[in-house]
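Knowing the structure of chain A, use the given hints to seat chain B on it.
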Amino acid sequence: MGLINAATNLPEPVSSTDKGTGTNTSPGSFMARIVLGAVMAATGPEGCLPFGISRFRRWDYGTTAQSSTLADEKVSPALSQEVRELFDDGAREFFQDGMESIFSRSLLKILHDHGQEAVTAIAGYLLSGSAKPDVTSEALRWISDIDDRATFLQRWDLLRHSLHNESARVRDGAILAFANMNDPRASKILAEARTLEPVAELRKLIDQVIRQLEHAR
Amino acid sequence: MALLLRTVDKDYRWFKEAAAEFLAHDDSPADPIADLKTDKNRLSVYVISDDRSNLERIVRAVAVGRHRIDHAAYVVFDSKVIEEAGIGIEEVVGTTKDAGVNNWHRDLVLSGKKLAALAKGILRDGEEVSRILRDRMVQLVDQGIKDGELPEEFKEKLTKK
Chain A
54 MGLINAATNL
64 PEPVSSTDKG
74 TGTNTSPGSF
84 MARIVLGAVM
94 AATGPEGCLP
104 FGISRFRRWD
114 YGTTAQSSTL
124 ADEKVSPALS
134 QEVRELFDDG
144 AREFFQDGME
154 SIFSRSLLKI
164 LHDHGQEAVT
174 AIAGYLLSGS
184 AKPDVTSEAL
194 RWISDIDDRA
204 TFLQRWDLLR
214 HSLHNESARV
224 RDGAILAFAN
234 MNDPRASKIL
244 AEARTLEPVA
254 ELRKLIDQVI
264 RQLEHAR
Chain B
15 MALLLRTVDK
25 DYRWFKEAAA
35 EFLAHDDSPA
45 DPIADLKTDK
55 NRLSVYVISD
65 DRSNLERIVR
75 AVAVGRHRID
85 HAAYVVFDSK
95 VIEEAGIGIE
105 EVVGTTKDAG
115 VNNWHRDLVL
125 SGKKLAALAK
135 GILRDGEEVS
145 RILRDRMVQL
155 VDQGIKDGEL
165 PEEFKEKLTK
175 K
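Protein sequences appear in the order of chains A and B.
With positions in the first sequence counted from 1, the corresponding number in this note's numbering is that position plus 53.
With positions in the second sequence counted from 1, the corresponding number in this note's numbering is that position plus 14.
Just chain A, same shape as in the assembly:
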């Protein structure tokens, strides 16, 4: 059974019983395009997510359309400002694996309070190139840890995009974030990223994560 859409590397439906409820024009895919639009608005065409986000289907993770409102279509200026300040403040922190920080707690609160709009705002900021790689790397790892189906696809795409970031630190965070998600459907994405990965340590890390994901099947 193929778990990854061969054309997009996007998650396929979780179960066959969910199939048949969506199309490319579903509210879910509409929301995905809105998210993409928000990111493009914030970053310009160079910063947009370079993959077929519009091919997301509503059934993929179910609750996207149900839990969202059109109020999520755009990011409020106040939230954009909050996200920007959060990441700027985060640049002054020293991050340690396994340790919470003011940054991580604030990030999780924003995600909890604003859901999809928060992910859109964060993606816009990260893709703008303004964020420090250390902070971005840290953010990706925490973003991958939340248990929120409504934002799953957004977060997945942000991680996937970040695997190709110019900073090895960001790529490191994205690889570890996929390890956190522990979803076997990431194997192909990681394998593809490995073919382009110039840093030996990250190729080794990708191999390690892929082995973990194989056991998670």
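Some clues are possibly wrong.
Unchecked claim - Here chain B is said to cover these stretches of chain A; the calculated rule only asks that three of the stretch's residues, wherever they fall, bring their Cβ under 8 Å from a Cβ of chain B:
#1 163-177
#2 217-225
#3 244-257
I should point out that these hints are in silico values taken from the structure, not numbers from a laboratory.
The beta-carbon is built from N, C-alpha and C at its ideal position, and this holds for glycine as well.
Showing chain B alone in chain A's frame:
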């Protein structure tokens, strides 16, 4: 000669490619030094056995003391690195919650210059930075509690993301 292990906070600070330009000039990048946090001019390392059978237990003992169970990075290097840098090493019992690990603990006795030499030596002659992923760490902690190597109090961390 012995193999030494140092846990580090961020693996990316130890990527050899990023260090190559510094090493070519007989120098070290500054970022890795952030992972060599000294206390009273001493730095904790652990001796690992030749077959590395105690490696995961050591990394687990250090990592389980953090807020939550997470990926844990470490570097392994030969003791010749510290000998070449003139760094002293002393047997000092460690303070982890795994008593079986604490006898493998050593203190490196450092100065500022020696600290930079240590970073340079690890990057030049040490192994590539490695990680125990969180998924594996959860298994290790769970097993450690069952085996009585770790106290029951860490059970709570097994359920905390």
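Cross-check of the supplied hints:
no.	hint	verdict
1	163-177	violated (count 0)
2	217-225	holds (count 3)
3	244-257	holds (count 6)
Checked against the numbered hints above, the structure violates only hint 1.
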